[in-house]
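2 protein chains.
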Amino acid sequence: MAMNVVVIGAVAVGSKAACRFKRLRQDATVTLIDSDEYISYGGCGIPYYISGDVSEESQLRSTSFHMVRDERFFKVDKGVDAMTGVTALGIDRENKRVRIRKKDGAEEALPYDKLVLGTGTRAKKLGIPGVELENVYRVGNLHDAIRIKEMIVSGEAERAVVIGGGFIGLEMAEALSDMWEIETSVVEFCDQIMPGFVGQDFARMAQHQMEENDITFYLSESVEAIEGTDKVERVKTNKRTLNADLVIMAVGIEPNTDLARQAGLEISPAGFLVVNDHMQTTDPDIYAGGDCVQITNLITGQPGFFPLGSMANREGRVIGTNLAGGDARFPGGVGSFVVKVFDGALCGAGLTVETARKAGFDAASVQVAQFDRAHFYPEKEVIYLELVFDKSTRQVLGIQGYGGVDSGMFARVNAVATVLQYKPGVDVISNLELAYSPPFASAMDVINALGNAAENFIEGRFRPMEPSEFDQCWLDEEKSGCLFLDCRASADGKPFEEKFPGIWKSIPHDELCERMDEVPRDKKLILLCNTGVRSYEAQINLAAEGIEDTVSVSPGIAGLKECGIKF
Amino acid sequence: MAMNVVVIGAVAVGSKAACRFKRLRQDATVTLIDSDEYISYGGCGIPYYISGDVSEESQLRSTSFHMVRDERFFKVDKGVDAMTGVTALGIDRENKRVRIRKKDGAEEALPYDKLVLGTGTRAKKLGIPGVELENVYRVGNLHDAIRIKEMIVSGEAERAVVIGGGFIGLEMAEALSDMWEIETSVVEFCDQIMPGFVGQDFARMAQHQMEENDITFYLSESVEAIEGTDKVERVKTNKRTLNADLVIMAVGIEPNTDLARQAGLEISPAGFLVVNDHMQTTDPDIYAGGDCVQITNLITGQPGFFPLGSMANREGRVIGTNLAGGDARFPGGVGSFVVKVFDGALCGAGLTVETARKAGFDAASVQVAQFDRAHFYPEKEVIYLELVFDKSTRQVLGIQGYGGVDSGMFARVNAVATVLQYKPGVDVISNLELAYSPPFASAMDVINALGNAAENFIEGRFRPMEPSEFDQCWLDEEKSGCLFLDCRASADGKPFEEKFPGIWKSIPHDELCERMDEVPRDKKLILLCNTGVRSYEAQINLAAEGIEDTVSVSPGIAGLKECGIKF
Numbered sequence: 416m417a418m419n420v421v422v423i424g425a426v427a428v429g430s431k432a433a434c435r436f437k438r439l440r441q442d443a444t445v446t447l448i449d450s451d452e453y454i455s456y457g458g459c460g461i462p463y464y465i466s467g468d469v470s471e472e473s474q475l476r477s478t479s480f481h482m483v484r485d486e487r488f489f490k491v492d493k494g495v496d497a498m499t500g501v502t503a504l505g506i507d508r509e510n511k512r513v514r515i516r517k518k519d520g521a522e523e524a525l526p527y528d529k530l531v532l533g534t535g536t537r538a539k540k541l542g543i544p545g546v547e548l549e550n551v552y553r554v555g556n557l558h559d560a561i562r563i564k565e566m567i568v569s570g571e572a573e574r575a576v577v578i579g580g581g582f583i584g585l586e587m588a589e590a591l592s593d594m595w596e597i598e599t600s601v602v603e604f605c606d607q608i609m610p611g612f613v614g615q616d617f618a619r620m621a622q623h624q625m626e627e628n629d630i631t632f633y634l635s636e637s638v639e640a641i642e643g644t645d646k647v648e649r650v651k652t653n654k655r656t657l658n659a660d661l662v663i664m665a666v667g668i669e670p671n672t673d674l675a676r677q678a679g680l681e682i683s684p685a686g687f688l689v690v691n692d693h694m695q696t697t698d699p700d701i702y703a704g705g706d707c708v709q710i711t712n713l714i715t716g717q718p719g720f721f722p723l724g725s726m727a728n729r730e731g732r733v734i735g736t737n738l739a740g741g742d743a744r745f746p747g748g749v750g751s752f753v754v755k756v757f758d759g760a761l762c763g764a765g766l767t768v769e770t771a772r773k774a775g776f777d778a779a780s781v782q783v784a785q786f787d788r789a790h791f792y793p794e795k796e797v798i799y800l801e802l803v804f805d806k807s808t809r810q811v812l813g814i815q816g817y818g819g820v821d822s823g824m825f826a827r828v829n830a831v832a833t834v835l836q837y838k839p840g841v842d843v844i845s846n847l848e849l850a851y852s853p854p855f856a857s858a859m860d861v862i863n864a865l866g867n868a869a870e871n872f873i874e875g876r877f878r879p880m881e882p883s884e885f886d887q888c889w890l891d892e893e894k895s896g897c898l899f900l901d902c903r904a905s906a907d908g909k910p911f912e913e914k915f916p917g918i919w920k921s922i923p924h925d926e927l928c929e930r931m932d933e934v935p936r937d938k939k940l941i942l943l944c945n946t947g948v949r950s951y952e953a954q955i956n957l958a959a960e961g962i963e964d965t966v967s968v969s970p971g972i973a974g975l976k977e978c979g980i981k982f
Numbered sequence: 416m417a418m419n420v421v422v423i424g425a426v427a428v429g430s431k432a433a434c435r436f437k438r439l440r441q442d443a444t445v446t447l448i449d450s451d452e453y454i455s456y457g458g459c460g461i462p463y464y465i466s467g468d469v470s471e472e473s474q475l476r477s478t479s480f481h482m483v484r485d486e487r488f489f490k491v492d493k494g495v496d497a498m499t500g501v502t503a504l505g506i507d508r509e510n511k512r513v514r515i516r517k518k519d520g521a522e523e524a525l526p527y528d529k530l531v532l533g534t535g536t537r538a539k540k541l542g543i544p545g546v547e548l549e550n551v552y553r554v555g556n557l558h559d560a561i562r563i564k565e566m567i568v569s570g571e572a573e574r575a576v577v578i579g580g581g582f583i584g585l586e587m588a589e590a591l592s593d594m595w596e597i598e599t600s601v602v603e604f605c606d607q608i609m610p611g612f613v614g615q616d617f618a619r620m621a622q623h624q625m626e627e628n629d630i631t632f633y634l635s636e637s638v639e640a641i642e643g644t645d646k647v648e649r650v651k652t653n654k655r656t657l658n659a660d661l662v663i664m665a666v667g668i669e670p671n672t673d674l675a676r677q678a679g680l681e682i683s684p685a686g687f688l689v690v691n692d693h694m695q696t697t698d699p700d701i702y703a704g705g706d707c708v709q710i711t712n713l714i715t716g717q718p719g720f721f722p723l724g725s726m727a728n729r730e731g732r733v734i735g736t737n738l739a740g741g742d743a744r745f746p747g748g749v750g751s752f753v754v755k756v757f758d759g760a761l762c763g764a765g766l767t768v769e770t771a772r773k774a775g776f777d778a779a780s781v782q783v784a785q786f787d788r789a790h791f792y793p794e795k796e797v798i799y800l801e802l803v804f805d806k807s808t809r810q811v812l813g814i815q816g817y818g819g820v821d822s823g824m825f826a827r828v829n830a831v832a833t834v835l836q837y838k839p840g841v842d843v844i845s846n847l848e849l850a851y852s853p854p855f856a857s858a859m860d861v862i863n864a865l866g867n868a869a870e871n872f873i874e875g876r877f878r879p880m881e882p883s884e885f886d887q888c889w890l891d892e893e894k895s896g897c898l899f900l901d902c903r904a905s906a907d908g909k910p911f912e913e914k915f916p917g918i919w920k921s922i923p924h925d926e927l928c929e930r931m932d933e934v935p936r937d938k939k940l941i942l943l944c945n946t947g948v949r950s951y952e953a954q955i956n957l958a959a960e961g962i963e964d965t966v967s968v969s970p971g972i973a974g975l976k977e978c979g980i981k982f
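Chains as they are written, first to last, in the numbering used here: chain A, 416 to 982; chain B, 416 to 982.
Since the hints were made in silico from the structure, they are not lab data.
None of the values given here were measured: they were computed from a predicted structure.
The reader is advised that the hints may include incorrect statements.
Copies of the same chain look alike in the list, so a pair counts if it fits in one copy or across any two.
[To be verified] Straight-line Cα separation of at most 27 angstroms, DSS-like style, residue types lysine-lysine; simulated pairs:
| hint | residue 1 | residue 2 |
| --- | --- | --- |
| 1 | Lys490 | Lys909 |
| 2 | Lys920 | Lys490 |
| 3 | Lys564 | Lys539 |
| 4 | Lys651 | Lys914 |
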């Protein structure tokens, strides 16, 4: 008899699993249900719909050949019976039935041979007064998106507060400010944006980029109340009150696992559905994937949570294959991500120094700044990379990057992201073989320079200072008794020496060995050049003369400026 | 006593080895000699100097901070004694001395503790009449480049013939034509450009791009003579005579290993210096790297030859580390490459189907065409990827790509290039975790679609037709008794049906199951849509109805057009 598969949830993983399975088993019956009327949409595209880059919400629900993925599409194009507005009420595992309620309120029981759960997540709501006021939104689904856009288009929004400086928060802030010129603030509870995804320095680069585009940030602040009469008027934090006629709550998501929990499937302490590498729940006839499950973090070996449409799609395909009797595996993930912030982008994979230390690694990181292409090629830009590694084992644990949206940064981070699953040492990054020609890369490419820097750090030759440490030192009135030794050409260094007498000294690197006697031996030296190459060479030269109390500002003055540090 | 290192050859590997070693051993003496006056230059940048993208040759010899890498630079910045115009005459391994002749003709013997050979290659010269005529050039070094540019700038060149359709040939052809508007032809002995690096289809895409930019190609032609009185006037091939006042011979390179050979170091049958993974020759006190050595091809396990400045730089660093007593290894390469052709680029790594078969693999490949970013995001373009794999073991053997110069193609090829060393199966490509958000990638990214296509091919579900096969079939008057079944929407398919009655039929994919009785069962069906997604679905639907004699044009009509195939 033909197999009968029911899929609950028709956004990413569910739709993909249904279609893949149906392609493999054209004779099977596949029923795809969702409580929403909008299905199979690109949720990650919502900020671009809000911004107007995507003009109609239907584009988020369309194929590349402009066909809307509605019930008709699934039927005639995919042979899948999609039913929208259908709520799953419960799973009877013993009799293999899903109890549902249809649009018209009628209840019935759908029998299944195999069941797939793609129930996703819901956007978290803060437990503070005022969250129910009008014009306070979350960005959980397409309905939220449509309501937000309607409000903006009506011209009602002049001042917006975005709560949360993670992916959705940043993307929404850009959307509101860039296209609609809404005065936008972001309030973030942590002391940096994108906490857990990048370190302080790259967070600061992205923040600076957004500030240059008129977005205001309030870090280390918590929202205590949203105030107003009917509609929102103000947001109260623990430090200030912000006027607002639009509030976006982007404070995280939580998995929808009620159905699975009631059915007795295993749920992890963190609240996610537990699946094996075949994407099977603890009931072998029930598969699950997407944002409601946990998968293995391939770096820590511990459970991980990677709520991304891309992950869900790949998991869906694995489920589809296995439903048809295949043996496809989804080994886990490393948590690759990228987020556009105006003309810049933050990208990464694996662990940050902070998350790596929490996971028990002896973690450190190095940063490099370098052109993405041959420095003599006319089109190029400086990009910033940070490599996280274990100092004892030399294993690479993560990479983060900041650079222009069209720069080579994205290619570099991905080239490392894809090898992280093999637990490479830093020497692998030194020798990583990117395709080279001057319009695309450097002969000693920035990615190799990053591996080299990590090795030099581990060996103790390279003692870097990162922008955040520099900033602390620079803000200190006494400058902690340091001397800032500028290794750039005189034309660059001299003006700084004149501006900061006594604390800033210009000795171009090519004069350093001759002028060694001008270098004080009783002060900590902070070595600087434009991108960290000459200051590292200076560190080596000084060490050979017995001057070891030095640090080299690793992404150079270019990196300090990118962080918005002012001299 | 301080160590004494001599390095012969001061372009890429030699300079890098010298500087890295000196950084590790500030007390050592390092002598870097080269017969040329120009050292440490970016040879891969020569075409961009010719084109004018790089205005001065000195930029190719400069650091990112605009310092020319001459003898003074090596001395004051690097602590390395560079000597130009010095020819190495012989190596006395027993007494550890290099016999040299200086600029002034004086000969002397340089003692060494360790020696490094970075003697590189020379550009091949064809063994035909006329190669010594004026204005017949090779592109072997900076002197050649300067002479070519002088000639062009003087306005003497109106018609150029480039012999050889490999990297240098294509880059030089673009340089001559694009900036200087010289009427340029490329003559290639093989039946495609970039033989051995990409398959026929992507070669054709790149060729088409160049033809659209007024470059003429003569494939499968051999040059028999270069003719003229003093200066070149004509190039005679086995098929025609081309007028030319400038000829570029870009017919390959051969290693400079005379010195090593005379010293009794092992040279491979193919003529390259043999080194171990420490980059040591058969004399443990003599290291070698760069274009004159062979390294392991990590895919075949056989000796490989990857003459790239990037490879040489990384090898140089390994040599520098080992000279200082370190234990750095250079395991080998996978042969990543990229070449810009006007607004397009060809990129790849590993083997092509052809080179894989020659290496004994049971090789096949699949092609996909897909947007590089989310299809609903406004900025995006279709890119083309080809995955080469072993049908029996499923091991991925290579990847090639064609796409816009600023497209996401480069990132995709690199993401696979870097994992090739781990001998991944095609399932690894299906699950490859690139960073995702709509401005950068698709939820089911093109790279994953590529892995999926390979799996579907191996399982026998996906039976593709490539552009070159399509073209053969289409050029056949009788069309081999095939029916071209167009699965696009009617608006796209109907005009083709009307233009090609009897052989072209339009049945949009979403009508296929209802109109199955219109599909003939006695003809081979060639299924088409725009990028191959719907035609693959149609192939599945038809197979379920017992219609198995079908092929799906894998990169779609978009791919056919990119190849320049006209309907």
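Open item on the list: If you test the structure against every hint from before, which numbers come out violated?
Closed with: When the structure is compared with the hints, only number 4 turns out to be violated.
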